[in-house]
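Chemist: As a plain string of letters, each chain reads:
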Amino acid sequence: MIRAATLSLTTLALLALAGEAHAQDRIFRAGLQVGGGVSFGQGGNADLVVRPTPTFLDVEVRTWSSEEPTLSLGGVLRLEVGQGRVGGAMVPRASYRRLIGTREVRVFAGLPYFFAPYTMLGAELGAGGRIDLGPGFGLVFNVMSSLFFVGSDVPDGGAIVMVNATVGIELGVRP
Amino acid sequence: MSPLPARSFRLLALLASALLGGGCAEACLRNSDCTSMEVCLAGLCATPPSDGGMDGSLDAAEDLSGCDASAPSDMDPSEMGEMDVTDVCDEDAGMDDAGMDDAGMDDAGMDDAGMSDAGMDDASMDDASMSDASMDDASMDDAGMSDAGTDDAGATDV
Chain Z
0 MIRAATLSLT
10 TLALLALAGE
20 AHAQDRIFRA
30 GLQVGGGVSF
40 GQGGNADLVV
50 RPTPTFLDVE
60 VRTWSSEEPT
70 LSLGGVLRLE
80 VGQGRVGGAM
90 VPRASYRRLI
100 GTREVRVFAG
110 LPYFFAPYTM
120 LGAELGAGGR
130 IDLGPGFGLV
140 FNVMSSLFFV
150 GSDVPDGGAI
160 VMVNATVGIE
170 LGVRP
Chain X
0 MSPLPARSFR
10 LLALLASALL
20 GGGCAEACLR
30 NSDCTSMEVC
40 LAGLCATPPS
50 DGGMDGSLDA
60 AEDLSGCDAS
70 APSDMDPSEM
80 GEMDVTDVCD
90 EDAGMDDAGM
100 DDAGMDDAGM
110 DDAGMSDAGM
120 DDASMDDASM
130 SDASMDDASM
140 DDAGMSDAGT
150 DDAGATDV
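The listed protein sequences correspond, in order, to chains Z and X.
Here numbering that gives the first Met the number 0 is used: the first residue of the first sequence is 0, the next is one more, and so on.
Here numbering that gives the first Met the number 0 is used: the first residue of the second sequence is 0, the next is one more, and so on.
Isolated chain X, as found in the complex (with noise of 0.2 angstroms):
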């Protein structure tokens, strides 16, 4: 037997539901089938997936509330969006608001041992420059005063 009058059958069947109003209630057609936030994809409404920029990263940045007490607070909120918010709340404990400004590095480059390099460096950059100029002001007062000396001695004579 062709199985044609099957078919038939059944196609009408899906007609006369469809008409009757007895179809499936949850098939959908037309994105107005589904309410105002859905979509209608492959016959069934659906949450369409959020396209504004937010892959993935909405629950962390929900966690960002959490962390704001342990945040520093003086960073620039600009800055703030730049970073990797995942990245600020798991390595928050070993940063320090002056180590954040003294280092000026973008968060790129930042991890802990970054950061205590960083401030290694600047400790001994400002050590060597401090007794650099503490040096040089040392021979510098001493020579001005040396030449002072002499000049007002040299005027004294005159």
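Just chain Z, same shape as in the assembly (with noise of 0.2 angstroms):
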């Protein structure tokens, strides 16, 4: 019986350690930001209409592998909740990172899709950083700019140009 549960134990740990082992090997961050900027689109006679982008809430989850950090994948769950909207978009999204000390700047390229209550499909491109503030906690900055041309929320014939800027924290996380 005693040999037993100690043979449990012994798989579990060792288990536990695969595991452990496992997840250094992939790296995953979360964060929380917040984000407006301005909007561009063609009015009338061709004059240029600039609208405040909506205040919205970006959380983005992105991970690497220690074998490659410089190249990770992630994705954004965008809300948009000014101008009295709510608004919901995702944006799959990949990063080229490079490391400066402590402080990370990256590149990024992705496919914003909003899907309710109105659609609108386009792509983006940005740069941004983190600076650490502590073990696994970080202040991350990004600015982005996103031309959108499909979907019901753009009008016929039109294209519209978002040029924004998001600011927040972001955790290590360790599945």
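Think of the hints as simulated: they come from the structure by calculation, not from any bench.
Yeah, the Cβ is synthetic: ideal placement off N, Cα and C, and Gly gets one too.
Any given hint could be a false lead.
[What the hints assert, rightly or not] Pair ranges (Cβ atoms, derived):
1) Ser35(X) - Gly35(Z): 38 to 46 angstroms
2) Asn44(Z) - Met36(X): 38 to 46 angstroms
3) Ser35(X) - Glu67(Z): 15 to 23 angstroms
4) Tyr95(Z) - Met36(X): 39 to 47 angstroms
5) Met36(X) - Leu124(Z): 32 to 40 angstroms
6) Gly81(Z) - Ser35(X): 26 to 34 angstroms
7) Thr46(X) - Val33(Z): 33 to 41 angstroms
[As the list claims (entries may be wrong)] Just some of the chain X residues that point at chain Z, by a computed CB distance under 8 angstroms:
8) Ala26
9) Leu43
10) Ala45
[What the hints assert, rightly or not] Some chain Z residues flagged as far from chain X (calculated, every beta-carbon gap over 10 angstroms):
11) Asp57
12) Trp63
13) Thr69
14) Tyr117
Please assemble the complex out of the two chains, which come individually in their own frames, going by the hints.
Modeler: Shown next as structure tokens:
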């Protein structure tokens, strides 16, 4: 009986160590950011229409392997909450990241897709960084430009350009 | 002096006004900037053109309700939908229920002249057929009566 219990505990410990080793191979980060900016579009008589981008909240998750730390993959769940509206979007995103000391800089590309209540699909390019504020805790910021060209929220024959910025916090997540 | 600084200043002013919310209140970029009944057209919220098959006949259809009292009461609703509403309202005075039913014509060929002609033709056809029928009946009756009389006479003879 005692031998069986010892064997079970040993097995669990080995599994835990294996899981720990596996977790060290892949790093996860999750963050919450708030953003805003300006949006551009073409109005009548080729005039430029400029409006503030509705304030939005980004919940971002990204991950990378310790063997390939320069490439991170992730996604953003975006909630537009400004200007009396509520909209939902998701943004699959890939980043190229570099570490400069304890700071991180990155450039990224994504495909923002608004799915509710209107639809809007586009592409985005951006750059950002992260400043460590403590173990597994950092300040993140991004500047991005998005182009939306299709969807029920895009006027017929038009396109929308957004230049937005976000700032927030990010935590290290160990699965 | 190059116009570039002026244009840059104007762009910065636009950005500042947009960020501070001082932009043109009517301008829109996205359809969701407008009310649910409007879409964004050329930077302005506007009611979209209706494309539900009512190409300008909506007013005429509304006028139809005012013509219901004088419309034929036994007209099939499907025929009502196929007919030109304006023609019904304009030419209703010259149409009667009997003429519509007897003529059996579609609305494309229906006009006052055609209605009159159809009625005239029907009348003459009826008159002719009735005359013929009466004549045939008369001759048949006469012949039958003659035959019957002959048969009866023959039977009586036998």
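Chemist: So, for every hint listed, does it hold in this structure?
Modeler: Going down the list of hints, with the structure as the test:
1. Ser35(X) - Gly35(Z): 38 to 46 angstroms: violated (24 angstroms)
2. Asn44(Z) - Met36(X): 38 to 46 angstroms: violated (25 angstroms)
3. Ser35(X) - Glu67(Z): 15 to 23 angstroms: violated (47 angstroms)
4. Tyr95(Z) - Met36(X): 39 to 47 angstroms: Between Tyr95(Z) and Met36(X), where Cβ atoms are some 45 angstroms apart, the hint holds.
5. Met36(X) - Leu124(Z): 32 to 40 angstroms: holds (36 angstroms)
6. Gly81(Z) - Ser35(X): 26 to 34 angstroms: violated (19 angstroms)
7. Thr46(X) - Val33(Z): 33 to 41 angstroms: Since Thr46(X) and Val33(Z) have Cβ atoms about 35 angstroms apart, the given range 33 to 41 angstroms holds.
8. Ala26: Check passed: Cβ of Ala26(X) comes within 5 angstroms of chain Z, closer than 8 angstroms.
9. Leu43: OK, holds: Leu43(X) within 8 angstroms of chain Z, min 7 angstroms.
10. Ala45: violated (10 angstroms)
11. Asp57: Non-interface label on Asp57(Z) holds, nearest chain X Cβ at 19 angstroms vs cutoff 10 angstroms.
12. Trp63: holds (34 angstroms)
13. Thr69: holds (34 angstroms)
14. Tyr117: Violated, since 5 angstroms does not exceed 10 angstroms.
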